[in-house]
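All chains should be modelled from the sequences, with the hints used to inform the complete structure.
Protein chains: 2
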Amino acid sequence: MAAATGDPGLSKLQFAPFSSALDVGFWHELTQRKLNEYRLDEAPKDIKGYYYNGDSAGLPARLTLEFSAFDMSAPTPAHCCPAIGTLFNTNTLEAFKAADKKLLLEQAADEIWEAVKSGAALENPVLLNKFLLLTFADLKKYHFYYWFCFPALCLPESLPLIQGPVGLDQRFSPKQIQALERAYDDLCQTEGVPALPYFLIKYDENVVLVSLLKHYGDFFQDQRTKITIGVYDPCNLAQHPGWPLRNLLVLAAHRWSSSFQSVEVLCFRDRTMQGVRDIAHSIVFEVKLPEMAFSPDCPKAVGWEKNQKGGMGPRMVNLSECMDPKRLAESSVDLNLKLMCWRLVPTLDLDKVVSVKCLLLGAGTLGCNVARTLMGWGVRHITFVDNANISYSNPVRQPLYEFEDCLAGGKPKALAAAERLQKIFPGVHARGFNMSIPMPGHPVNFSSVTLEQARKDVEHLEQLIESHDVVFLLMDTRESRWLPAVIAASKRKLVINAALGFDTFVVMRHGLKKPKQQGAGDLCPGHLVAPADLLGSSLFANIPGYKLGCYFCNDVVAPGDSTRDRTLDQQCTVSRPGLAMIAGALAVELMVSVLQHPDGGYAIASSSDDRMNEPPTSLGLVPHQKKNLKYHERRSIA
Amino acid sequence: MAAATGDPGLSKLQFAPFSSALDVGFWHELTQRKLNEYRLDEAPKDIKGYYYNGDSAGLPARLTLEFSAFDMSAPTPAHCCPAIGTLFNTNTLEAFKAADKKLLLEQAADEIWEAVKSGAALENPVLLNKFLLLTFADLKKYHFYYWFCFPALCLPESLPLIQGPVGLDQRFSPKQIQALERAYDDLCQTEGVPALPYFLIKYDENVVLVSLLKHYGDFFQDQRTKITIGVYDPCNLAQHPGWPLRNLLVLAAHRWSSSFQSVEVLCFRDRTMQGVRDIAHSIVFEVKLPEMAFSPDCPKAVGWEKNQKGGMGPRMVNLSECMDPKRLAESSVDLNLKLMCWRLVPTLDLDKVVSVKCLLLGAGTLGCNVARTLMGWGVRHITFVDNANISYSNPVRQPLYEFEDCLAGGKPKALAAAERLQKIFPGVHARGFNMSIPMPGHPVNFSSVTLEQARKDVEHLEQLIESHDVVFLLMDTRESRWLPAVIAASKRKLVINAALGFDTFVVMRHGLKKPKQQGAGDLCPGHLVAPADLLGSSLFANIPGYKLGCYFCNDVVAPGDSTRDRTLDQQCTVSRPGLAMIAGALAVELMVSVLQHPDGGYAIASSSDDRMNEPPTSLGLVPHQKKNLKYHERRSIA
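Chains as they are written, first to last, in my numbering: chain S, 4 to 641; chain V, 4 to 641.
Since the hints were derived computationally from the structure, they do not count as laboratory data. It is possible that part of the hints are untrue.
Since copy identity is lost for identical chains, a pair holds within one copy or between any two.
[What the hints assert, rightly or not] Derived DSSO-like pairs: lysine-lysine, alpha-carbon spacing no greater than 30 Å straight-line:
1) 426 / 312
2) 143 / 426
3) 178 / 459
4) 143 / 414
5) 100 / 15
6) 414 / 144
7) 426 / 217
8) 104 / 426
9) 144 / 309
Predicted model only: the values in this text are computed from it and were never measured.
As structure tokens, this is what we get:
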């Protein structure tokens, strides 16, 4: 209870303050706007809340903000009154703490005072229902710090109660009550509003009239010493009005205290219980109107909400506890990505990355690391193809597997990798196919069974490539890359290829065939560049994406079976353990850079000479390949 | 049963072949030798097996190879006869399949034939007990392919049985049996061997004499048409001798067929059941000695073992199924590492890497990736320090965490990271400490509780640094790196520092203070280089490890609280997702390179100019730092 000070002879009128009711939807929408719209902008924002006067007894008077709070044109819910607020959302907890709350309150009070003095509040009483909301959203933890203020101008003295408060049914006859109800409803309907926050009342035994504040001149002209005003009252207490009355009384004192000695206040409370409407529990009381002339200066104001402990301090809500954890994970993953766009790369088109469908051929050392990096970029659609099972040496180098996956002969890699991605981030759409990729040089046994299987494998591979946007070649043999490279070329899919040596690697994008209308039917299927095109271009010119070669373009022999006759160290990809992480990460970063280029896979290959020019994408150069192959660099990756 | 062909009038003598009994210990030892010693060497290796003549009835005659098979000086087990073999371990399954088994058998037969002709076999009868073992060890899958051969020279014709076989108790009186037993034991003792594979026997009703083959001249001089020879017989069958008799009969025919018409064979079988020794179940038979003179050419030989299906083919044993999975995981992890030493980096000192104890300060994006790379290098001792809990945005970028780890406020990162390493590889010794690192600029509240806690944290940090070899600085603030850098410098521990920007990073080693005896007391604790040292050296000279700076060496202001007043995008390390993997991997590769340098942390910093010279370690250059900071390279990591 906030007490107005004053005359000790009569009991003083005290007001029940608002309790802020900030819905989860509000915080969710704030999060979205912060991430996508406000970013680092700390400028005040208009928001909108509402309050209700039909609550059951016992509930506190609440000012509610929902997800709709940010849409100033959103309709106010039925039977509710709007309140217009200002959001001060700070970038840091320090700024939140350091905010000058006294100043903010004074500024808001000034605006109310101006509206009172100018008469604007009579025209538009919602101007009396201002609120402030100071927030800091810790979106890493989903902790929301906030401090709510409903600025109330203070009268120069306390208001002695002349009469009441009593229930409306003790003052009005049932007939009068019914007449008030009808008059109020009619006015709302005429005005086209769900509720009237403030209104004027005139009544005798037979008639009850209500009117808008702005009509006070005509309405009150036959009144003598006392006027009656109505306030839409969110409070339930029998002895106390709610907070919205405060600024109305200041208005009344300012406007009418020279003409009237007292004001009768009807705190209009309007609830429907079990289908029966009831306004009879509204309360009525009479207070002396302070006669004194106000100084032109804005009166003192109060209104910062107390916190749960009853002290002056902010509140914090931890939404991580009540949000669906999977939903929470999705928002959190998005967060890190969106933060890139705030300051560092404002032009980054994240949607192009997040929505890309990636097919990973190979779920070994490279496949696992590529998948991990894709997850970091927020890619939601990842499909693995592999035909191996997880062996005991895998988990320490293949970061999607664990010891348990190796038991009983080992789980199929493709399936286990997809499962693991779901465990890491339930929002991902991951699938795995335990299948072989037909390879040149690896003869198919021409029994009907194996031949049929090989046919099915080719068909399935074609379908998979067709239904994805980017194909990653991450296998451990050269020749297994051939068929997917050919199929992807024919379907004009972006191919990213990564291959490891011991301390060397290559990461490259394959060239992309020209679109069909440009006539590209004369390209050989494995080699994407028409010889004539190559001859026509200087070796040193920047090469457009459709002239870039593929992994096999420099081959002088056809790919053959490289798995035959391999010694143990040739069977395993013996490589410096850090290399797969580097190559895997670079492969994904290369894909992201290509996707950011307006020409996508047709982007001209950037060379290191281009470094003096403006980079072609917000993420920099889009080279043909990134490799570490030079002899003198061979052993120098560290 | 292998049948000798010949005279259809009498029943023919048939021999029970050996069954190879290759113990798990044998394969384990082969694995070790292959990895550590043979590597790519396919040269034949001497190995040793043994056989036993005391088995219970029903067991096949086995030639057993245990872990000791590779140690030619290892003692033969009690009551067993040795067999000397040659191991042909191929590098590939193709070489295994392509091995010329006919040629290998012929070569072994030749050696036996030479030993027979020269008389060497008389001096050393073990020369008759040769065997071959052709193997291919697929150490990725723990599948061992093998083909065993016990070369037996063939007599030009089959051996007709003149008498028997009968049990020894049907031929000898109990007194004779006892006398044989004693004579055999005495001879073994005189010779100092656990058993005699072949021996000569002479007996009458009262006396039984045995002698060595080489004494045949004296021993047989009073014999007329028949001699008796004893063979230590691994076979249990009542009607058939075991395989070792075959080469002895060839020797007998070659040596003695001109003097004697037949030979009586005593297949000496010597078992102890329930404490009672029994040789009475030995068998005795007489065969005609082929009279013909042998040609000087080596006779035809047989001996390749049939496989489980009864055909001529190799066997395979899948040891992954019967090995302890955790042990298997350890061997498998070692395998990939050891393969590096086979061909690519023979001088790599893996022990220096595997045994290093690493302290990871920070278990976030960098910490997780560093730990993963350390695991790939086989590092077994990894300790995490972090004070944060896992949040929902972490798992997609921090590859030791999953969605489940985020629930209920999130597990402490340090503990969860250590747990995850154990799940990846049970052989790792991983620990985690959920603690804060005191930081300059972050004032400690001087209440006794928090002050005491800060003191404890410093003490604990000191202990941790003391008990590790390498300290990784992987935190997300600059100032948290300060105290560990100072402590590690004072304790002369190698410090590897990694820090990320958006598309920039730095990975560096801190300089290492000179050892105490060289007088380094005048260095300031945070800055490792004495100013005089710096002034004395040219900027372009190669800088020795003790003159290298630390992360703070170029600071012009003291580190302060960089976490205050940070906006959301400054709180999170907003970085290209691939970057942490690259920097984490490079940090570990840098550590490995430093460890490989003979001077360790005192190694002169390699610069790119050094690339024309021989690299200082088997893994290449050992730079001071690896960074990606230049403006024009800023956005070009892809």
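Item to complete: Just pull the numbers of the violated hints for me, sorted ascending.
Response: Going through the list in order, the structure violates hints 1, 3, 5, 7 and 8 and respects the others.
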